[in-house]
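Undergrad: What follows is each chain in one-letter form.
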Amino acid sequence: MSSMKISKDPYNIIITGVGGQGNVLASRILANMFVENNFFVTIGESFGASQRGGSVMSHLRISKESCYSPQIPKGLADIIVSLEPIEAIRVLLDYGNSDIKVLSNSRPVRPPGVIAGDMNYPSLDEIKISLKELSSDVWIIDATEKAVEMGNPILGNIIMLGALAGVSDLPLYKDDFQKVMSRNISSDKIDINLQAYDLGSDMVNQ
Amino acid sequence: MSFLMDNTEKARYLLLGNEAIARGALEAGVNVASGYPGTPSSEIIESLSKIAKDANIYVEWSTNEKVAMEVAAAASFAGLRSMCVMKQNGVNVGSDFLLHLAGSGTRGGMVIVPCEDPGALSSVNEGESRYFAKLFEIPLLEPGDFQEVKDMTKWAFELSEKINNFVMLRSVTRFSHASGNVTYGDIIKRDINAQFKYDGFILDPMEGLPISAPVEYKHSEQQKKLKQAAEIFEKSPFNTYTGVKKPELLVITSSACNLYCKEAIQLLGAEDKVGLLKLGTTWPLPQGLLKTHLSETKKVLIVEEVLPFMEENIKVVALEMAGEIGNKIFYGKNDNTLPKVGELNPDIVTQALSKILNLKYEQRSDEYIKKAQNIVLTKAPHRELTFCPGCPHRSSYWSIHNALKLDGRKGFVCGDIGCYSLAFLPCGFSTLKTLHSMGSGTGLASGFGKLKQFGFAQSVLAVCGDSTFFHTAMPALVNAVHHKSDFTLIILDNSGTAMTGFQPHPGLKSNAMGEEVPSIDIAKICVAMGAKVRVQDPFDLENTQKQLLDLMEYKEGVKVMILRQICALSPEKKAKKKYEMSIDENKCIGENCGCNRLCTRIFRCPGLEWDAKANVARIDDVICRGCGVCADICPGKAINKKEAA
Amino acid sequence: MGFLGPNELTENVIQKNLCIGCGACMNLCPYFRSYRCKTAMLFPCTVSEGRCASFCPKIEVDLDYLSKQYFGNLFGASSLGHNISIMISQKGKKIKNHTFQAGGTVSALISFALKKKYISSAILTDREGLLPIPRIITKDEDVFKCASTKYAAAPTLSALNTAIGKGHSQIGVVGTPCQTTAIAQMRTTQSTNKDPVGMVIGLFCTWALDYTQLEPFISQQIETNKILKFDILPPPAEIMEIYTTDGKKHEISLDKIRKFIPATCSYCADMTSEFSDISVGVLEGYPDKNTLIIRSEKGKMLVDEAEKEGYIIVDEIPEKSLEHLKTAARQKRKRALLKAKEDGLLNATEDGKFSCIKLNSLSIEKITA
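Order-wise, the sequence lines are chains A, B and C. Okay, so the first sequence: first residue is 107 according to the working numbering, each after it adds one. Okay, so the second sequence: first residue is 10 according to the working numbering, each after it adds one. Okay, so the third sequence: first residue is 398 according to the working numbering, each after it adds one.
Looking at chain A on its own, in the form it has when it is part of the complex (with noise of 0.2 Å):
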């Protein structure tokens, strides 16, 4: 499958979420799924005191040409993949557009300051018209909450991946994301992982 093709070159994917969610997972698992078709893949993060609460963001270059740097100019991303959604938004001052595409899990993950009390976490109706407003098209899934029937609230991460497949126009095939799930981890787990990738495209494309 070496004549994969991308729609723009290059492509330039954020995923983002709170540290802790498995960002760093997810992004290794996409990229190295790019890799099997010999793209250039870029990884860019910062972690350290992603630990300790605060937003992380893994910025993705895909390219056929050459190698990119490891962050995404302002305003050229052109997908967003959000494990919590208003990190989603929190992405899109730096990085959207208004072609950009926003994929979003529901599940909130609200910061030490709303736990508090101190400050309030918007609807998920208020993060829809938000993210809309700033795209050209938004999904939002209950990847946490379909994982967590799955057995392993992990499995968001995957479901998500699958989501990311269905929507976007990017060269995501899922013998590629088994053949990356096979190096790493156990063959007994990896029936559930697909199980997983097919449940997120299925839950995009109804």
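Source of the hints: derived by calculation from the structure; they are not laboratory data. Worth double-checking, as some hints may not be accurate.
To be verified - Simulated restraints, written as ranges between beta carbons of each label pair:
hint, chain 1, residue 1, chain 2, residue 2, range
1, A, ASP308, B, ASN65, 49 to 57 Å
2, C, LEU651, B, ILE529, 57 to 65 Å
3, B, LEU386, C, GLU446, 47 to 55 Å
4, C, LEU625, B, HIS491, 40 to 48 Å
5, C, ALA474, B, GLY464, 17 to 25 Å
6, C, GLU620, B, ALA83, 30 to 38 Å
7, C, LYS493, B, GLU565, 25 to 33 Å
8, C, ASP643, B, GLU562, 44 to 52 Å
9, C, ALA634, B, ALA466, 51 to 59 Å
10, C, PRO613, B, GLY523, 26 to 34 Å
11, B, ASN601, C, LEU651, 24 to 32 Å
12, B, LYS461, C, ALA634, 35 to 43 Å
13, B, ASN601, C, ASN744, 25 to 33 Å
14, B, ALA466, C, LYS514, 46 to 54 Å
Said to hold, decoys possible - BS3-like mimics (lysine-lysine), calculated; alpha carbons at most 30 Å apart, straight line:
hint, chain 1, residue 1, chain 2, residue 2
15, B, LYS324, B, LYS143
16, B, LYS414, A, LYS114
17, B, LYS442, C, LYS435
18, B, LYS555, C, LYS536
19, B, LYS349, A, LYS180
20, A, LYS252, B, LYS586
21, B, LYS541, C, LYS623
22, B, LYS442, C, LYS413
23, C, LYS646, C, LYS413
24, A, LYS234, B, LYS419
25, A, LYS285, B, LYS62
26, C, LYS723, B, LYS419
27, B, LYS414, C, LYS536
No residue lacks a Cβ here, since even glycine has one placed at the ideal position from N, Cα and C.
Position chains B and C relative to chain A; hints supplied.
TA: For chains B and C alone, coordinates are given in the frame of chain A:
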């Protein structure tokens, strides 16, 4: 077998920059790797630890960076290849040794790898180690993409052996913690027989004495080595030029800025106007190469981070050859084309280029930006940094803060480096009042504790972590005890180097390679020094506060309180909850007089949430780690803890 | 009462050095605490109205209101406050010998009240070295370790708040004038169904001393854990006597001690603890007797019963002593009101300004004439 050891020809992997450095060292046949945990460098040692046995490498988390450098140097003197790894300011810690090592020279290839943090994404400084290369007169290498990160690490060992001196290879967060495609090279097989030869002629670099004296002689030898490197650099494939022969603007760059410059040029469509000279060898500068390119242009923009290191060095070179190449117009940091602080990114470089070349660039409408700003203000509540749920520091600082308030003498805490540094924020009740480098909290306290003769009447406390204690707090503590300084040091012992990823340190029973090793007892050391020592569990708030107040009553000498409780993120702790927590709504006083939401408003553990509709606090079972401490602070006794099954 | 909360308490009492450290605001919540007699606020509290400020005897104390609530009349008539009778007293035969300040009347009455279960617990002030320590006493034999004057201003009411928090009722309290005023504030502003305080015995007081300054001064000269008793001799002698367990008597000139009097004492108009059931003080010239003022029916009943059962002995007060007492009390009232007026702390009316004392102008005129 680890992916790092894959010896398939031209294997291709997506690697973290730090993994690429580890692979480069492996390919060079590195034998010894040492370092001290520091973001963004830590994964280098961690990667090598995982393959240490299989690859026969000795990997060590040393007590501090200076010792780490000495450990690596010993290996080099014994004819082995060694690498020493740290974050940017680790070089500062070991700089005295490096000064002398540069004079004595090295034998087996030795590479120092500072991983810098422009923009201080995970630091409290954005210091630079490049100037040290110039100061120590040793070569400096800066890889400009992920492939070079690996290739240049490998080559650095070769270079070091050619000139008999150590080499500095500089990485940055945007390489070390970023990932990119890397094609593997061969793993060199070297015959090794570790032996420290010293019986030859005293001045012989390989068989004499590795000392920096006689100074003038060794110093001039050192400068000859540097000159040798400069000649090698003239032909280095790591210095590349892309662009037309006579560009309107010559951009000279290094490190991750290379990728920003490439992208900026592309975004502006300025390939015909801009020539990009990427230097991988940034000290000593390849003057011949520079002359070639400087002669072909009038305008030069130098793009680097953070300080104008290359800019100022290139300007000197350009001035010296001005007679031959003419005067140039320089753009960079000194003329404010580029910001003097913080990290760079493609946008900053694009803006600089568009200004110099008068090219328009607008990626988004002002309208979009304004709309986004308004929305983020109201719909994206800020995420404050906080301690993890179940973190012992939250409890420690609770007791420390309250003890200081009760003591009532305008007391304060001198802070140090680790997760517990966050206590200058509300999550630590704004207890820390100073924060500098590793071990400096104890040093400052030692100083404050001697100011009574000038009317100083405030209570002095200092904090440090268990790893920080061994790193540099110990000599400061000796100083304090010996000089009878009046303060209390609180050692926050959570059994690991937590902020950087929970690496081991001498207080623990295992090392970087997972072997069992003797642990060193912090309490015993402090007692041996002659301090008054107490050990306490910080989760026991009442006794911690009481003990601390008792210690603070001693007006003479050093007191040490060790607050020992394991980190909430440690593998042991993560597995099990000690308590199941619940709230009796009927007893919750909430916003009323008598409580005013103490648990959610002040204590602020993320496991406690305020339900504004029902006017009660709740436990979030998913986030709560079951430490049980909140039950002890609730004035209504509404929080219950039950031992988990 | 108007919005008085932790903000007003911090800004207008604590930060203005008006806090006497009586403990009325402490242990009601996690925020106000006392440590070694220093008032500390652990964290900021944002409620607009709080018990801490309502109970404080140094902010917005309406003396007329309190007098009406307690005794049914306006404040000011007698310089010794509302009373049923004034006598002299001393401990009775049933009370063993102990180091009492004077006649042992307070210890006798409180231990009797506990024994007869008129009160179920007593809030008293003990001492370790020079440090006063509030205690919740439930056994009558434990009363005696709290005997004798402490002189250092003590956070006694913090123990009262703790006791109420634990569900105690029918509590007896022995306190200084500021403390008994605070208790009066507490009982008249709290809309509780049941009044947890059963008996208030107030002490006479001209001024108190700041422990944080007193302690370093005294401990330089005397081993404080050997102190048996302090006494301040009546004027014109300007001496504080300190008796130690080794049989010595140390004399310290009062002019060295006066600088430890908290500034806030100068705004206190109450010498004899006017808001109490019974008030007890020394009887000048008679070192083993007390002056006893009975103010309420409850107090009268306690004294009568105690006398009947041999716990105290009462007698008529000599005319000269009574006049002397009235003069001293009158002078304290006058000094305090004048100073409060001068410093804008009497009946303050400006927005954002708070009074220490509120009192009808007629009484003010009479007292300050």
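Undergrad: Run the distance test for LYS442(B) versus LYS413(C): straight-line Cα separation, threshold 30 Å.
TA: holds (26 Å)
Undergrad: Below or equal to 30 Å on CA atoms is what counts here, so check LYS252(A) against LYS586(B).
TA: Holds, at roughly 25 Å.
Undergrad: Hint says 51 to 59 Å; check whether the CB-CB distance for ALA634(C) and ALA466(B) agrees.
TA: violated (35 Å)
Undergrad: Is it true that LEU625(C) and HIS491(B) lie within 40 to 48 Å of each other by Cβ?
TA: With Cβ atoms ~42 Å apart, the hint holds.
Undergrad: Hinted pair, alpha-carbon criterion (30 Å max): LYS723(C), LYS419(B). Please report holds or violated.
TA: violated (44 Å)
Undergrad: Decide if the proposed pair is consistent with the structure: LYS442(B) and LYS435(C), CA atoms, cutoff 30 Å inclusive.
TA: Holds. LYS442(B) to LYS435(C) sits at ~23 Å (cutoff 30 Å).
Undergrad: Would the pair LYS324(B) and LYS143(B) pass a check requiring their Cα atoms to be no farther apart than 30 Å?
TA: Holds, at roughly 15 Å.
Undergrad: For the pair LEU386(B) and GLU446(C), does the Cβ-Cβ distance stay inside 47 to 55 Å?
TA: violated (32 Å)
Undergrad: Is the hinted range of 25 to 33 Å satisfied by the C-beta distance from ASN601(B) to ASN744(C)?
TA: holds (31 Å)
Undergrad: Holds or violated: LYS285(A) and LYS62(B), Cα atoms, limit 30 Å.
TA: Holds, because 28 Å separates the two Cα atoms, which is no more than 30 Å.
Undergrad: Can you confirm whether the C-alpha distance between LYS555(B) and LYS536(C) stays at or below 30 Å?
TA: holds (27 Å)
Undergrad: Range first: 26 to 34 Å. Now tell me if the beta carbons of PRO613(C) and GLY523(B) are that far apart.
TA: violated (56 Å)
Hint check: violations occur at hints 3, 5, 6, 7, 8, 9, 10, 11, 16, 23, 24, 26, 27; the rest are consistent with the structure.
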